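So the protein lines, in turn, are chains A and B. For the record, in the first sequence the residue sitting at position 245 is 244 according to numbering that gives the first Met the number 0, with numbers rising by one throughout. For the record, in the second sequence the residue sitting at position 420 is 419 according to numbering that gives the first Met the number 0, with numbers rising by one throughout.
Among the clues, some could well be false.
As the list claims (entries may be wrong) - Among chain A residues calculated to face chain B with C-beta under 8 Å, some are: (1) Glu34; (2) Val37; (3) Cys45; (4) His46; (5) Pro49; (6) Val104; (7) Asp111; (8) Phe332; (9) Asn333; (10) Ala337.
Hints listed in this document are in silico derivations from the structure and should not be mistaken for laboratory results. The model shown is predicted, which means the values in this text are computed figures rather than measured ones. The C-beta atom is built at its ideal place from N, Cα and C for all residues, glycine as well.
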Amino acid sequence: MSQDAHAPGIASGRLTAEEYAANFADLHPPLSDHEALVAADRCYFCHDAPCMGACPTTIDIPLFIRQIATHTPEAAARTILTQNILGGMCARVCPVETLCEEACVRMSAEDDPVEIGRLQRFATDRLMAAGPQPFERAAPTGKRIAVVGAGPAGLSCAHRLAMYGHEVTLYDARPKPGGLNEYGIASYKAVDGFAAREVEWLLDIGGITLELGKALGKDLSLDALTEEYDAVFLGLGLTDTNKLGISGEDLEGVVDAVDWIAGLRQAEDPATVPVGRNVVVIGGGMTAIDAAVQAKLLGAESVTLAYRRRREDMPASRFEQDLAASKGVCLLFNATPAEIRGGGAVAEIEFTRTGTDARFTLTADQVMKAIGQKLGDTLGLETDGRKIAVNGTGRTSREGVWAGGDCASGGEDLTVTAVAEGRDAAEDIHATLMGEG
Amino acid sequence: MADLTTDFLGIKSPNPFWLASAPPTDKEYNVRRAYEAGWGGVVWKTLGEAGPPVVNVSGPRYGAIHGPDRRLLGLNNIELITDRPLEVNLEEIARVKADYPDRALVVSLMVPYDEKAWQEILARVEETNADGVELNFGCPHGMAERGMGSAVGQVPEYVEQITRWVKKHYQRPCIVKLTPNITNILAPARAAKNGGADAVSLINTINSITSVDLDNMAPEPTIDGMGTHGGYCGPAVKPIAMNMVAEIARSPDTAGLPISGIGGVTTWRDAAEFMALGAGNVQVCTAAMTYGFKVVQEMISGLSQWMDEKGHKSTADFVGAAVPKVTDWQNLNLDYVTKAEIDQDLCIKCGRCFAACEDTSHQAIAMSEDRTFTVKDEECVACNLCVNVCPVEGCITMRELKPGEVDPRTGMTIPEDKRTWLQHPNNPGADPLACIVRGQ
Ligand SMILES: Cc1cc2nc3c(=O)[nH]c(=O)nc-3n(C[C@H](O)[C@H](O)[C@H](O)COP(=O)(O)OP(=O)(O)OC[C@H]3O[C@@H](n4cnc5c(N)ncnc54)[C@H](O)[C@@H]3O)c2cc1C
Ligand SMILES: Cc1cc2nc3c(=O)[nH]c(=O)nc-3n(C[C@H](O)[C@H](O)[C@H](O)COP(=O)(O)O)c2cc1C
Ligand code: SF4
Numbered sequence: 000m001s002q003d004a005h006a007p008g009i010a011s012g013r014l015t016a017e018e019y020a021a022n023f024a025d026l027h028p029p030l031s032d033h034e035a036l037v038a039a040d041r042c043y044f045c046h047d048a049p050c051m052g053a054c055p056t057t058i059d060i061p062l063f064i065r066q067i068a069t070h071t072p073e074a075a076a077r078t079i080l081t082q083n084i085l086g087g088m089c090a091r092v093c094p095v096e097t098l099c100e101e102a103c104v105r106m107s108a109e110d111d112p113v114e115i116g117r118l119q120r121f122a123t124d125r126l127m128a129a130g131p132q133p134f135e136r137a138a139p140t141g142k143r144i145a146v147v148g149a150g151p152a153g154l155s156c157a158h159r160l161a162m163y164g165h166e167v168t169l170y171d172a173r174p175k176p177g178g179l180n181e182y183g184i185a186s187y188k189a190v191d192g193f194a195a196r197e198v199e200w201l202l203d204i205g206g207i208t209l210e211l212g213k214a215l216g217k218d219l220s221l222d223a224l225t226e227e228y229d230a231v232f233l234g235l236g237l238t239d240t241n242k243l244g245i246s247g248e249d250l251e252g253v254v255d256a257v258d259w260i261a262g263l264r265q266a267e268d269p270a271t272v273p274v275g276r277n278v279v280v281i282g283g284g285m286t287a288i289d290a291a292v293q294a295k296l297l298g299a300e301s302v303t304l305a306y307r308r309r310r311e312d313m314p315a316s317r318f319e320q321d322l323a324a325s326k327g328v329c330l331l332f333n334a335t336p337a338e339i340r341g342g343g344a345v346a347e348i349e350f351t352r353t354g355t356d357a358r359f360t361l362t363a364d365q366v367m368k369a370i371g372q373k374l375g376d377t378l379g380l381e382t383d384g385r386k387i388a389v390n391g392t393g394r395t396s397r398e399g400v401w402a403g404g405d406c407a408s409g410g411e412d413l414t415v416t417a418v419a420e421g422r423d424a425a426e427d428i429h430a431t432l433m434g435e436g
Numbered sequence: 000m001a002d003l004t005t006d007f008l009g010i011k012s013p014n015p016f017w018l019a020s021a022p023p024t025d026k027e028y029n030v031r032r033a034y035e036a037g038w039g040g041v042v043w044k045t046l047g048e049a050g051p052p053v054v055n056v057s058g059p060r061y062g063a064i065h066g067p068d069r070r071l072l073g074l075n076n077i078e079l080i081t082d083r084p085l086e087v088n089l090e091e092i093a094r095v096k097a098d099y100p101d102r103a104l105v106v107s108l109m110v111p112y113d114e115k116a117w118q119e120i121l122a123r124v125e126e127t128n129a130d131g132v133e134l135n136f137g138c139p140h141g142m143a144e145r146g147m148g149s150a151v152g153q154v155p156e157y158v159e160q161i162t163r164w165v166k167k168h169y170q171r172p173c174i175v176k177l178t179p180n181i182t183n184i185l186a187p188a189r190a191a192k193n194g195g196a197d198a199v200s201l202i203n204t205i206n207s208i209t210s211v212d213l214d215n216m217a218p219e220p221t222i223d224g225m226g227t228h229g230g231y232c233g234p235a236v237k238p239i240a241m242n243m244v245a246e247i248a249r250s251p252d253t254a255g256l257p258i259s260g261i262g263g264v265t266t267w268r269d270a271a272e273f274m275a276l277g278a279g280n281v282q283v284c285t286a287a288m289t290y291g292f293k294v295v296q297e298m299i300s301g302l303s304q305w306m307d308e309k310g311h312k313s314t315a316d317f318v319g320a321a322v323p324k325v326t327d328w329q330n331l332n333l334d335y336v337t338k339a340e341i342d343q344d345l346c347i348k349c350g351r352c353f354a355a356c357e358d359t360s361h362q363a364i365a366m367s368e369d370r371t372f373t374v375k376d377e378e379c380v381a382c383n384l385c386v387n388v389c390p391v392e393g394c395i396t397m398r399e400l401k402p403g404e405v406d407p408r409t410g411m412t413i414p415e416d417k418r419t420w421l422q423h424p425n426n427p428g429a430d431p432l433a434c435i436v437r438g439q
């Protein structure tokens, strides 16, 4: 430990270089060849496999695992990528314990699923190491499509459209593409700049022009886009966050977890990222877990994750909860934040026991809010109350405008869901533009 | 605890597990350690004539077939007989036998088709005090090209002639080891019996090419770019070996000829099965080559436990017990009807039974929205494929329809008596009376 390990307040450099390196290493290290073969041999090649149904992108899991088992991991990767062009990222970030692996019949058999996620990573890593993305573009169609938002939804949509021979302009407000893959996902899930590498690899298909630093609503208008392009796809994600609405929320040291994580993800070296000595994270989802775990990994002395309902109600999976606990995060349930106090900077936070008058206070020099994200501008489109309303293939209330991913109604807020929705919208756009829709 | 002591041709061993003539028994060092590990006996690696020993390849000599998790299912080899000098082997055999009088030690032999050659080597073996000899008429590669091994085993006349010579020049038991590379195993078995053999042992390895190197376009194992067929053994050959053992055990002219069962014995259960089909003991090679000598401990403990459970006091109690149940197809009861039944508590809903039955059998398994799999009795022909492909042991079983029950597939009421093809109305050569009696 470095000498600043217990520095009060918010400070960087709490750990030694070795500790940072160990803490921010791969959460699920890649499988070796041998491990992959052993893991692949466990697949039963189920009929109409339940795991496939549990995958939002419906990857043919038994087939790709069999391809690994027969020493053709590149073929396995093509099986994966045909359904999910971000199969590499999904292999790293999918909460498989609530998706494919939960559905694996070996859960009923032995309570121990086939390691689908890690096998998927094995195959996609192999193919990506071997060369460029494997899809070819069809003959040019002359159609032009604007895709706004270069997150998983937008990237997946753009790639599929490019494959069909359309010309795509991919806009994003941020300076880098990737969306939350680049700015949000926990560092230890996508190490070594994987998000950026994957985007570069994907764009190699050609036919996609990247326009960064262009925000819809500021630099671009939906009217102009619908005018100029044959179709528009919106993959804007959720750009606003919910407020606590309690006193002290504006004190120094109270941060949005999503912003704080973005800062961490963009830091060259975790040693430069400041973190509190006593951190309290408020929320119960994946963002809350990621913020709490990474605060701990940065050397915070105590990290408490306070969730206002019961453990059973927590959106984060049991696996995520256990991960946090194993890193030393203290999980607190039935705790509703009441007031944040401090003279200028935060010093403590008071909670009520949810549903009672009982109160208690925790010391905190940093409070991270992770109580949910929401849609920014609705752009005049109909919403379902929370998100842009879309039908099953992503059509919005406005003709010629599709949407998918976190900003659109339906589906869970997950990378893989965004990929599926972007892909399906691309299929519908293609069919519509080519007169088949 | 059950008594595993076995008396095979008067050769006593503490258990029926012998190591087959092969690399595990190629030298004193191995055989001593095998005995220490608990093996009941060994058949020493095949000896050849005096003079310059054979020369083996110095590149890879084995190829393999693997199952899931790289379990070795089948092994093939292009090794020849021992490549160590005859004198060295004989000295070692004598020494080991003297130190382990309670263990079986049989010497495997292969010399050219010449009475004098056999007479000479037998005299030398006699001096070692080994318990008997095994004639290697099985090796399918290399030696066969020189007119020995399976080249002899494939010609019943040669088998009989050499066996006669051996019985004439050697006093102790003579086992003839048979090659499976032949259409009917009964021909060489009869020849061995006619020549005076005390027993047959089978099988030796099966001609095979296990794999092809697709980069070099050559069979494996590959020696400097070329390959040759080798002898196949291990778990994969067990069904072939057991059938041959059973044929000899049940055929009237060879029945009663003692058999040493070989081919894929890997667990106590494999041994029990060979012995139930008439083998007085078993020999093991690949299992030892895969897992080391220690595997015999599981064979010993497993066989004793099973014998205790079944009340068998000695191995003789069950040797051959299944032989009367091995018959020709035409004697099977065609009115015997079973139906597959899926235990819903054990089912893990993988759907493999459905895929197998729907795509390749009789469309007799229904799959519901929630992945419940059930057998349609009116379609099920009881083929057993679902049982075989189900990954959960005991999940799918066969229920026997009792006399009086109606088979919903055929509408037939199960009769009290049985009807084989010989009595079946569809058989043009059937006994008409049988049909009339049944009102058909
Ligand atoms: C901290 C955190 C951790 C997460 N961890 C996981 C995880 O482990 N596994 C998992 O499956 N999911 C995880 N998620 C959820 C997952 O990241 C999202 O569901 C997914 O990224 C949604 O993809 P998207 O393309 O819809 O949106 P985003 O990834 O949010 O991308 C939207 C893009 O649109 C751009 N944009 C927004 N507005 C405009 C505009 N007006 N003009 C131009 N561009 C604009 C943004 O800059 C951004 O690049 C996590 C989310 C967060 C916040
Ligand atoms: C490498 C190797 C060499 C063998 N050499 C001989 C031999 O010299 N003499 C012989 O009678 N059988 C030989 N065999 C055959 C074995 O004794 C045995 O019959 C055969 O392997 C089947 O038994 P298993 O399935 O237990 O291996 C050899 C087998 C192998 C694998
Ligand atoms: S459910 Fe499990 S065993 Fe069956 S195919 Fe999917 S991964 Fe393989």
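Against the structure, the hints come out as follows:
Nearest Cβ of chain B to the Cβ of Glu34(A): about 11 Å, over the 8 Å cut. The hint is violated. The beta carbon of Val37(A) comes within 6 Å of a beta carbon in chain B, closer than 8 Å, and the hint placing it at the interface holds. Restraint check, Cys45(A) versus chain B: the minimum CB separation of about 4 Å is within 8 Å; hint holds. For His46(A), the shortest C-beta to C-beta distance to chain B is roughly 3 Å, which falls under 8 Å, so the interface hint holds.
For the restraint placing Pro49(A) at the interface with chain B, the shortest Cβ-Cβ distance is roughly 7 Å, inside the 8 Å limit, so the hint holds. For Val104(A), the suggested interface contact is upheld, since its CB lies about 4 Å from the closest CB of chain B, less than 8 Å. Of the supplied interface hints, the one on Asp111(A) is violated, with its beta-carbon coming no nearer than about 12 Å to a beta-carbon of chain B, more than 8 Å. Interface restraint check for Phe332(A): the shortest CB-CB distance to chain B comes to about 33 Å, outside 8 Å, so the restraint is violated.
At its closest, the beta carbon of Asn333(A) sits 35 Å from a beta carbon of chain B; the interface hint therefore is violated under the 8 Å criterion. Hint status for Ala337(A) relative to chain B: violated, with the closest Cβ pair at about 46 Å, above 8 Å.
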